[in-house]
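**Q** Listed below, chain by chain, are the residues.
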Amino acid sequence: MGWLRLAFFGYIALTIIYFLTSIYSRSVRREKLEKAWDTDPAREGAPLAARQAFIDTGMAKYETGLKKRLLWLIYILPTIAFVATIYFVNWT
Amino acid sequence: MWTKIKWGLRIVAVLFIGAFLHYTLPQRDIVHVINTYNKNTPIGGNWMFYAIEDTGTGVETTATIRDIRFIDAVFPDEETVVVYRNEDTGWFWPPYFKWDSSTLQAEAQNLKSDKANPEWVAITHYGWRMPIFSIFPNAVSIAPVAGPDVRLIPWINIIILSTMIFIGFMIRKMWLQFRERAVDPVLADAGEVWDNVDATADAARAKASGFFGRVGAWINTWRSPRR
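Quick mapping for you: the protein sequence lines, in order, are chains A and B. Residue numbers for the first sequence follow my numbering, beginning at 1 and rising by one. Residue numbers for the second sequence follow my numbering, beginning at 1001 and rising by one.
One thing to keep in mind: the hints can contain errors.
Below, simulated SDA-like cross-link-like pairs (lysine to any residue); rule was C-alpha separation at most 25 Å, straight line [claimed, not checked]:
id, chain 1, residue 1, chain 2, residue 2
1, A, 67, B, 1171
2, A, 32, A, 66
3, B, 1173, A, 17
Everything labelled a hint here was simulated from the structure, so no lab data went into it.
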């Protein structure tokens, strides 16, 4: 039963980390989009609605992009490390 | 005075983390095994430094006396000796997930050698030997090496420590991002309001400084606006 307990609490912890990291990653992307718009001289004086639309499109792209999917590594890497540790400690 | 206390706490924290890592991370000794045996070992206040009870090596006897496997070994100077315990670690801490202590004991037995014909092995272990508390490092694996002078590169520790540094760096970056995007704008807004109320502005600013002040100010923004 030990492994169930470990898996349960381990994945709860990883889920918390996953959410915190995804909030962070989204925030970084949004900031990047905002800065890209604000520093572009061609867009100076453009209406606020256009800026909002630009950011929304960028964020929609982010939600389906590779970077967002890479966040699954937060679950995958510890699982691999766990299995690898078991293998190397007990079978080699 | 306050700075001294702050630095004192920091130094204690660093020492504590350092000791914790030194205890938990694997180390390798180059030794030759001279004896392997089991011993009924009483466990009392030093339980923290033994396997937790439900790992399999402890339940055979009672909780206070445990039949534990030991491995005696000698360092290449042929004088310094070391005693390892050989216990399963189970599912939790430290996360070695070791269940092969019987096999390890047999391997150690097989590699036993004497002073005349020492057979050098690298024993991976974690933990400390502290005679006053009767605690022993726990052997994790054993592997023959070419000779007493081989140089082992601690890859596992390099990986673990770099991962930890990376995680610490990320936590810092995440905190700074959170502060920049969620906390500081709120403080700026609040500052503008306070500027209109000269008398309270300074007091409010002082309250909103430092770690908890910022967090508190941020949490306040989730409350419904004052009527």
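**Q** Would you mind marking each hint as holding or not holding in the structure?
**A** Here is how each hint holds up against the structure:
1. Taken as a hint, the residue 67 (chain A) and residue 1171 (chain B) pair is honoured in the structure, with Cα atoms around 18 Å apart against an allowance of 25 Å.
2. Distance check on the hinted pair: residue 32 (chain A) and residue 66 (chain A) sit about 17 Å apart at the alpha-carbon level, within 25 Å; holds.
3. Simply put, residue 1173 (chain B) and residue 17 (chain A) have alpha-carbon atoms about 14 Å apart, close enough for the 25 Å limit, and the pair holds.
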